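Q: I would like the entire structure built from these sequences, with the hints used as guidance.
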Amino acid sequence: EADIYQTPRYLVIGTGKKITLECSQTMGHDKMYWYQQDPGMELHLIHYSYGVNSTEKGDLSSESTVSRIRTEHFPLTLESARPSHTSQYLCASSEWGVGYTFGSGTRLTVV
Amino acid sequence: DQQVKQNSPSLSVQEGRISILNCDYTNSMFDYFLWYKKYPAEGPTFLISISSIKDKNEDGRFTVFLNKSAKHLSLHIVPSQPGDSAVYFCAARHSGNTPLVFGKGTRLSVIA
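Which chain is which? The protein sequence lines are A and B, in order. Everything in the first sequence is counted per the numbering used here, starting at 1 for the first residue and increasing by one. Everything in the second sequence is counted per the numbering used here, starting at 1 for the first residue and increasing by one.
Among the hints, a few may not be true.
Partner residues are not named here, just some residues of chain A that face chain B (Cβ under 10 Å, in silico) [what the hints assert, rightly or not]:
#1 Y10
#2 L43
#3 E56
#4 D59
#5 C91
#6 A92
#7 V98
#8 Y100
#9 F102
In case anyone wonders, no lab produced these hints; they're calculated from the structure. In this text the structure is predicted, and so the values were computed from the model without any measurement. Cβ coordinates follow ideal geometry from the N, Cα and C atoms, glycine included.
A: Laid out in C-alpha cells, this is it:
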C-alpha cells in the first residue's frame, strides 16, 4: 500500500505553461526528494528537503522550484515548461538512516 | 562524472538460474549501498541494502555482496523468476545521511 502519492500520473502540456507536480506522504518523514529519470539513465536529484522550510538544490541543474510548508507535502513547480522538461519525475521520502520510499512518479510530456 | 556505475544496461537469464547484477562506485566515502527494483510506469521499490561494515547481506532469494577494496558490489538473485524482470538500480550514499546517488540501472529479463 502506497504511503507516498504523486499526482498527476501522466501529464501532457504545452510549451510555456506553468505546472505543479504534487507529492504527499503520510509517514511523517522529515526528508523528501525529487528525482528526474529518463529511460536508460540514472535518477538525477533535482531538489531535496530535510524538513519544513528547508529546501536544497540537487546536482542536476533545474529550472524548477520546490516548497516545504508542511511535513507531508513537497510540490515541484515548473514556471514555464519546455520540451527539454519531458521526463519522469519521482518523489521519495525517508527517515534518517534508512532507504527511500518512492511514489509512482509523474510522466511529463511537454509539446 | 558518474559516482555509481552499472555498466551492463541489460541482462537476460533463464528462469531458475542465477542472476548477477554488478555495480561499481568511485567515491570511497560511500558507506551504505542499496538496490532498488523498478517496473515500467512505477516508482522504484527498495530491495536490499548493505552497510560498508559488512561484505554480505542476504534476504530470501536476494544476496548483496560488497567488495570495498574493489569498490564493487553485486546483487545475486537465486533462483530467478519471471516476476523478477525489471530494471535494477544500484544506489549509494556517504555518511551524514546525504541523498542517494543512483546508477543508470540494469534491465533484467528472466525468460521462462
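Q: Each hint should be assessed against the structure and marked as holding or not.
A: To see whether the hints hold, each was checked on the structure:
no., hint, result
1, Y10, "9 Å, holds"
2, L43, "4 Å, holds"
3, E56, "9 Å, holds"
4, D59, "8 Å, holds"
5, C91, "8 Å, holds"
6, A92, "7 Å, holds"
7, V98, "8 Å, holds"
8, Y100, "7 Å, holds"
9, F102, "3 Å, holds"
The structure is consistent with each of the numbered hints, conforming to all of them.
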